[in-house]
Amino acid sequence: MLEIKNLTKTYKGGKEAVSSLTLTVNAGDICAFIGHNGAGKTSTIKCIVGIHDFDKGEILVNGMSVKEKPLECKQIMAYIPDNPDLYEYLTGIQYLNFIADIYGVSAADREQRIKEEATAFEIEHALGDLISSYSHGMKQKLAIINALIHKPKLLILDEPFVGLDPIATLHLKNRMHSLCKEGTAIFFSTHVLDVAEKLCNKVAIIRGGKLMAAGDTKDLTNGDSLESVFMEVTKE
Amino acid sequence: MMKQILTLSRVQLKNLFGINEMRYSKDKKKKAAFALLAVAYLLVFLMVTAYVSSMSYAFHFMELGEIVPMYLYTIISLVMLVLSFFKAGSVLFSMKSYDIMVSLPVTKSAILISRFVTMYVTNLLFSSIVMLPGLAVHIYFAKPGLSFYLTSIPVILLAPLLPLTISSILGALIKGISSRMKHKSLVEVLLTMLLVVAVMLGSVGMGEQAETMDLEAVKELLSIVTVELGGIFPPALWYHNALQGNLAQLLLLLALPTIIFLVFVWILAKNFLEICAGLNASYAKQNYRLETLKAEHTLIALLKKEAKLYFSSSLYVTNTIIGYILALLLAGAVAVMGIEPLAEYMGASDYLPLVVQLMPFILSLPLCMTSTTSCTISMEGKTFWQLQVLPIKAADIYKGKLLWNLVLAAPFYILCVSLLLIGTKPDIITALHYILLPLVFLLFTIVLGLAVNLLFPVLNWDNEARVVKQSASTFVSMLVGIVSILVPAGTAVGLQLESYSFFHAVVELLFLAVTVVLYLLIFRKELISIMK
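Chain order of the listed sequences is A and B. Residue numbers for the first sequence follow my numbering, beginning at 1 and rising by one. Residue numbers for the second sequence follow my numbering, beginning at 1 and rising by one.
One thing to keep in mind: the hints can contain errors.
The list that follows gives simulated cross-link-like pairs (lysine-lysine, DSS-like), each with its CA atoms no further than 30 Å apart [as the list claims (entries may be wrong)]:
no., chain 1, residue 1, chain 2, residue 2
1, B, K28, A, K69
2, B, K469, A, K12
3, B, K30, A, K12
4, A, K15, B, K382
5, B, K30, A, K67
6, A, K12, B, K28
7, A, K67, B, K399
8, B, K14, A, K69
9, A, K115, B, K382
10, A, K69, B, K294
11, B, K29, A, K151
12, B, K469, A, K67
13, B, K29, A, K210
14, B, K28, A, K210
15, B, K382, A, K67
16, B, K425, A, K115
17, B, K30, A, K69
18, A, K12, B, K14
19, B, K28, A, K15
20, B, K304, A, K5
21, B, K28, A, K151
Facing chain A, a subset of chain B residues (Cβ under 8 Å, in silico) [to be verified]:
no., residue
22, L293
23, K294
24, T298
25, K305
26, Y351
27, P353
28, L354
29, L358
30, W385
31, L390
32, P391
33, K393
To be clear about the criterion: a stretch of chain A counts as covered by chain B if any three or more of its residues have a C-beta under 8 Å from a C-beta of chain B, and this derived list gives those stretches [stated by the list, open to error]:
no., region
34, 104-111
35, 124-130
In short, the hints are calculated from the structure, not lab data. Yeah, the Cβ is synthetic: ideal placement off N, Cα and C, and Gly gets one too.
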């Protein structure tokens, strides 16, 4: 579902954030992308979702290049940023409606999906209020519902558990599992190695813009903890 | 507290005009944009210098050199009053940086004064640019003694204080009242517009009063102008008298703004948190029940989003709608009183037929002075990522933004043109140009605004004033827009034609062509690359 081939991203000024990164996430995979601060996780994610351009390499979503067919890729993809800067001048429901309009979700489908997710994330009562009145966690929940509204085939999340309460965290994990069973590929960055180890069937470790290790979680850890593998792999 | 004010002010001043960004940015494109902006500022500076110097020279030529300092002082004070009024409230009560600052061990007064300092420095820069060339010419001709310098230097340094304080008091009052209302933005926009219209009507009244004076009495011209300027702005008269050696009025001129400023800061500091909290509070009912939802076309969804974005910021509304309101006032005045009083007000009563032909240009000037598009991309700010990840073409986003400006401007345009036609009752060909010329200029300004904002986007702002008032995009759009109307209008005056129909048609076609080219350029790859 997601194929990254030799991705290189250099920022203006010459800093190489991602260097020849190659990675594959298949349908039904939950892949954790882990690395230190500034390792290149967010840069990679922003290249996938179309926020950043990139210099070399190729990113394919469901076989389509994000450079050549950006709209088709975005149509089947969803992204949740680490800091949800949403349209604070809209109410929650106006925001979700706007997103649904853009993705062309039918009125009946959006009603059903919003109802389901908003109830599960315990946010339905607040949907009529302006987003500016939301707490960080509520904005995060709204960003998650926004990402799920068009049933994406590829879900990209940047630090998705930051700011969520325990119930919402549990619900998100369950949703990730159920989406994965339905064939959605999930790729997310995290610093919480414990979550990555328990939740994901695949792990990718990045350091200084280079992919240091990637593969099935079980094969990679080989009976050891992910924490010790991570420390070993990212050692200078 | 002084150290706190200095530290806070330094941080805010670094953000002024994006200087810090230019200094440390490694982006060559950004640096080039800054250089282009610097050139534009330099051009304006040269134009202002030329205008002020020649005006100062003209006064001396008419042997009215004595009034030059007070005249310049009045001009800068009134301009600063208007400019500060539109942004004072938003700069003073911006909550975004307040959140960070309030957690630091600094006093509320220090936060407040540091915000004043930013506005003070901007205004001082402006007043110096206007005052110094004019005074240089005055010094050359009048050769004043040491007392002139000893009086003028502190006066110039303190010149921004009074207009800044007055506009801040008005801004604070409006913010204070609207902070208690549910629809804060709407109330703020209405109060601001009400005040602007009142001032406009008041100034027209003053103009009429001035015209009843016997300006033919050349011998008394000096004292008449002095009294008139003093009537408009009494501190100008104090400055004039101080230059004549009146020490008491000098002290009054220096002490009064300082005292008013300090009292205002003291009072405001007491209510600062309350006003900030009130302004930034959201009414959360937490009682929503999901009902039937409606699916809409992408462009309609984008248009609705643009409307919500627009009305979410009172600063954005007041600064972009003001031109339309001025145009409406102008057209309304023509409809009620006819074109003659306007020609008389412009000092062109002998050229009535020309004024009739210039009317579409005169109307276009306020109508096209501002556009929502000139900062529409920048207004997305930190939410810009959302547009980047959605499955929509950049072109559709731009269309939504252009369309919103058209939707907003359309009722004003229709009303203005209708009122103008009622007031002037022109022949059919002239009427056609009354309709077409403002329309073409309006379309041009809207497309120009977006093109310029795509060239000079600012997304990392923490105060709307940074993009609405101080951005390169707004400045360049307004400058190019005004010059684009003034050049053909000036040409029309210079040509002195029998019939202006052909000339109007040429201008319409020319600007329509430029608008189409600009529109096509916007959708070219280079400009769309901003989306990356």
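The hints, checked one at a time:
Distance hint between K28/B and K69/A is fulfilled; the C-alpha atoms sit about 28 Å from each other, no more than 30 Å. For the proposed pair K469/B and K12/A, the alpha carbon gap of about 28 Å is at most 30 Å, so the pair holds. At most 30 Å may separate the alpha-carbon atoms for a hinted pair to count; K30/B and K12/A meet this at roughly 10 Å. Using a Cα cut-off of 30 Å, the hinted pair K15/A and K382/B holds, with the two alpha carbons roughly 23 Å apart.
Simply put, K30/B and K67/A have alpha-carbon atoms about 24 Å apart, close enough for the 30 Å limit, and the pair holds. Using a Cα cut-off of 30 Å, the hinted pair K12/A and K28/B holds, with the two alpha carbons roughly 8 Å apart. Pair hint K67/A plus K399/B holds up; C-alpha atoms about 22 Å apart against a cutoff of 30 Å. The straight-line distance between the Cα atoms of K14/B and K69/A is roughly 41 Å, outside the 30 Å bound, and the hint therefore fails.
For the hint pairing K115/A with K382/B, the CA-to-CA distance comes to about 28 Å; that is within 30 Å, so the pair holds. With a C-alpha separation of about 29 Å, the suggested pairing of K69/A with K294/B holds against the 30 Å cut-off. Simply put, K29/B and K151/A have alpha-carbon atoms about 39 Å apart, too far for the 30 Å limit, and the pair is violated. Proposed proximity of K469/B and K67/A is contradicted: the alpha carbons are some 36 Å apart, above 30 Å.
Between K29/B and K210/A the alpha-carbon distance is near 28 Å, which keeps this suggested pair within the 30 Å criterion. For the proposed pair K28/B and K210/A, the alpha carbon gap of about 27 Å is at most 30 Å, so the pair holds. With a C-alpha separation of about 23 Å, the suggested pairing of K382/B with K67/A holds against the 30 Å cut-off. As the CA atoms of K425/B and K115/A are separated by approximately 59 Å, the hinted pair breaks the 30 Å bound.
Taking the CA atoms of K30/B and K69/A, the gap is about 28 Å. The hint holds against a cut of 30 Å. Taken as a hint, the K12/A and K14/B pair is honoured in the structure, with Cα atoms around 22 Å apart against an allowance of 30 Å. With a CA separation close to 14 Å, the supplied pair K28/B and K15/A stays within the 30 Å bound. A distance of roughly 39 Å separates the Cα atoms of K304/B and K5/A; the hinted pair therefore is violated under the 30 Å criterion.
For the proposed pair K28/B and K151/A, the alpha carbon gap of about 40 Å is over 30 Å, so the pair is violated. Because the smallest distance between the Cβ of L293/B and any Cβ of chain A comes to about 5 Å, under 8 Å, the interface hint for this residue holds. The restraint placing K294/B at the interface with chain A holds, with a minimum CB-CB distance near 6 Å, inside the 8 Å limit. The restraint placing T298/B at the interface with chain A holds, with a minimum CB-CB distance near 6 Å, inside the 8 Å limit.
The beta carbon of K305/B comes within 5 Å of a beta carbon in chain A, closer than 8 Å, and the hint placing it at the interface holds. With a cut of 8 Å, the hint placing Y351/B at the interface with chain A is violated, because the nearest CB-to-CB distance is about 48 Å. Hint status for P353/B: violated, given a least beta-carbon distance of 49 Å to chain A, over 8 Å. Interface hint at L354/B: violated, since its Cβ lies 47 Å from the closest Cβ of chain A, which is beyond the 8 Å cut-off.
For L358/B, the interface hint is violated, since its Cβ never comes within 8 Å of a Cβ in chain A; the closest pair sits about 41 Å apart. The restraint placing W385/B at the interface with chain A holds, with a minimum CB-CB distance near 6 Å, inside the 8 Å limit. Given hint, L390/B at the interface with chain A, holds; its Cβ is 5 Å from that chain's nearest Cβ, closer than 8 Å. The interface hint given for P391/B holds, since its Cβ lies 4 Å from the closest Cβ of chain A, which is under the 8 Å cut-off.
Against a cut-off of 8 Å between C-beta atoms, the interface hint on K393/B holds, since the closest Cβ of chain A lies about 7 Å away. Check result for the region 104-111 of chain A against chain B: holds, 6 residues qualifying (beta carbon to beta carbon below 8 Å, three or more required). Against chain B, the region 124-130 of chain A contributes 7 residues with a C-beta closer than 8 Å to a partner C-beta. That satisfies the three-residue criterion, and the hint holds.
Violated hints, in rising order: 8, 11, 12, 16, 20, 21, 26, 27, 28, 29; the structure is consistent with all others.
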